[in-house]
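Q: Residue strings, one per chain:
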Amino acid sequence: MIRIRTLALVTITLIFVASQGTVANPGGQGNGNRDYVCGGSCHGDPGLNAPSSATISVSSGNTAYTGTAYQFDTIIEIDTISHSRLLGVFLLSSTNGNGDNPEDHGWNIIQDPSGTTVNYVEVTVPNDGVVRLSWVLNAPEETGSEELIVAIHHGAGYEGLAYLGVSEPHIIEINQVPENLPGFALDWSAPNYRVTGDISPVNIQTQNATNISVEWKLEGESLSHPASVEANGDDDWLVYLPATMGDTRIVYRVTTSNGDFDIIQPWLTMGTIPPEFDGSLMGARAQGFAGAFMIIALMVSLQGLLQPSRSKHELDQTEDVEAAEETPVESVVEEPTVDEDAAYRARLQKYDEHPGLLWDPMEEEWVKDPHYGGDE
Amino acid sequence: MFSTTLHHLVVGLTTGIATLACLCAIAAWVSNYFVGAKNARAHLDIASYIAAIAALPLLPIAVLSGTMAMSDPASDAMSYNKFLFAGLTTGFLISMVIGRWRFGPGVWNDSRLSILQAISAIGALASITVLGSIGAKMTLGESTLDILPFWPKFDDSVVINEWLSVVLLILGLAVMAVAFMLGPKIEDIPE
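Line order of the protein sequences matches chains A and B.
Its first residue numbered 732, the first sequence is counted upward by one per residue in our numbering.
Its first residue numbered 755, the second sequence is counted upward by one per residue in our numbering.
Check the hints yourself; a few may be wrong.
With a Cα cut of at most 25 Å, we get these calculated SDA-like pairs of lysine to any residue [claimed, not checked]:
| id | chain 1 | residue 1 | chain 2 | residue 2 |
| --- | --- | --- | --- | --- |
| 1 | B | Lys907 | A | Phe1008 |
| 2 | B | Lys907 | A | Glu853 |
| 3 | B | Lys907 | B | Thr773 |
| 4 | B | Lys939 | A | Leu1033 |
| 5 | B | Lys939 | B | Ile852 |
| 6 | B | Lys891 | A | Ser1011 |
| 7 | A | Lys948 | A | Ser865 |
| 8 | A | Lys948 | A | Met976 |
| 9 | B | Lys907 | A | Asn923 |
| 10 | A | Lys948 | A | Pro844 |
| 11 | B | Lys792 | B | Arg856 |
| 12 | B | Lys907 | A | Gln760 |
| 13 | B | Lys907 | A | Gly846 |
| 14 | B | Lys891 | A | Gln760 |
| 15 | B | Lys907 | A | Tyr924 |
| 16 | A | Lys948 | A | Arg980 |
| 17 | B | Lys891 | A | Val854 |
| 18 | B | Lys891 | A | Gly846 |
| 19 | B | Lys891 | A | Ile812 |
| 20 | B | Lys792 | B | Ile943 |
| 21 | A | Lys1081 | A | Glu1071 |
| 22 | B | Lys907 | A | Glu1007 |
| 23 | B | Lys939 | B | Leu927 |
| 24 | B | Lys907 | A | Val854 |
| 25 | B | Lys792 | B | Asn863 |
| 26 | B | Lys891 | B | Leu812 |
| 27 | A | Lys948 | A | Ile930 |
| 28 | B | Lys891 | A | Asn764 |
| 29 | B | Lys939 | A | Ser1032 |
| 30 | B | Lys907 | B | Ser887 |
Because the hints were derived from the structure by calculation, they are not lab data.
Kindly produce the complete structure, drawing on both the sequences and the hints.
A: What follows is the structure, given as structure tokens:
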């Protein structure tokens, strides 16, 4: 009894210990807008996290103009990562735990590294351990000094600990935009995705621009190509980019001009998504049932084909005896047919010296002559 | 909300019972290769048979509760695949039960039929595992099978036109009827 109680106690303790080890989010939390300390998850618990050994560096300029696009580039070098190789990266303006999103400090995220407009993204760390990420933001409308900070969290090995890292603040001087500086419209956001094969133009809205030019390249390529641009109204443009397929991501860069300035904007990324799913509930049910019936039909047929042959036991002669009783008794001696009889008679040879007998040359024997009279 | 709770309950029951049925069937087949495992085989056979019969009525309840729990069922590849794999699971489980019912407990004594029963069990087990993994991916974003170095993309599916699916369903019914009616006569295999 004591042993059972001890075993139960140990089991419960093990369950508690195991659950403590899995409170992190090994599958990630998904991209989104989050404050530092992962939006209320357990990662901030001092008992469950440790400092990350990753190196975070920022390679962007320190100057931006109010309301204009600014590209923030960061490089994260990480040597120890979890089995899933998942890394969560924050772009923050503070590390207070609330109001940390750059958008709370006047910035407007035009595009994040995944192609959407959030400050937290999760990426898979490549084998070389180097992650390069870029956010494109519209600078705040107020001049002054602003900070942008990169924070990361990740797992390592199969441990349940969350490893946290924070970069040094990157200070950006926001200067007054020169009057009439051409750029993107303040309320314009870059499109994140296009459907596979879509060749419809991308709409770009600008301010103070009388002309734009666009160059594009596939992600990872070094050479860029010019894109065709068509005016769609004042500060409104249609850009024709080639259709993309599969997982291809296209990057493009807009140069906004107005005669006084030619401003080269940051590279923007656009992913490719598959066409809208066209399945229906009825179709799914019908297809599911069809699959079930086909498998049953196949298996039932195979059962019939593979079943053992009905061979009887070698000593069991019951069936033979019963069959023999049911069938009428037939003559054992075969009666020759008419043709056979005629042929037989034809081959018999008569010799005068042997009256009453005929010679069968085939069987080499004497047989009685049926036509021999008794008086001869 | 009730559908979600019911779905969790029924899915747990279905998965557990069907997994038991499949594992017992596989073990019954494996026992053929061990001398003196006749008694164990008899127990495994009974457990597998009863568990498979118990799982069959639970499967449609799990599918229906899952359908009710979703706001837009079969509108994405993952949930569409759930319907397809539910069909496969049902097909394999019913085949297993039919095989055992037609040939009796002696089905395990015939080498070819016992392999066929084991194939049905392995098929059902694989389909259930995939079903559970898709469910976990949809709700938790991860599944236990993520540990495998390979994993099919369940965010893609084989979608056939709705009416073609209905035609396929009728064809499946016809083929099944033919297999039952025109197939060779089945007899119990002596133990």
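Q: Could you work out which of the previously given hints the structure breaks and list their numbers from low to high?
A: As far as the earlier hints go, not one is violated by this structure.
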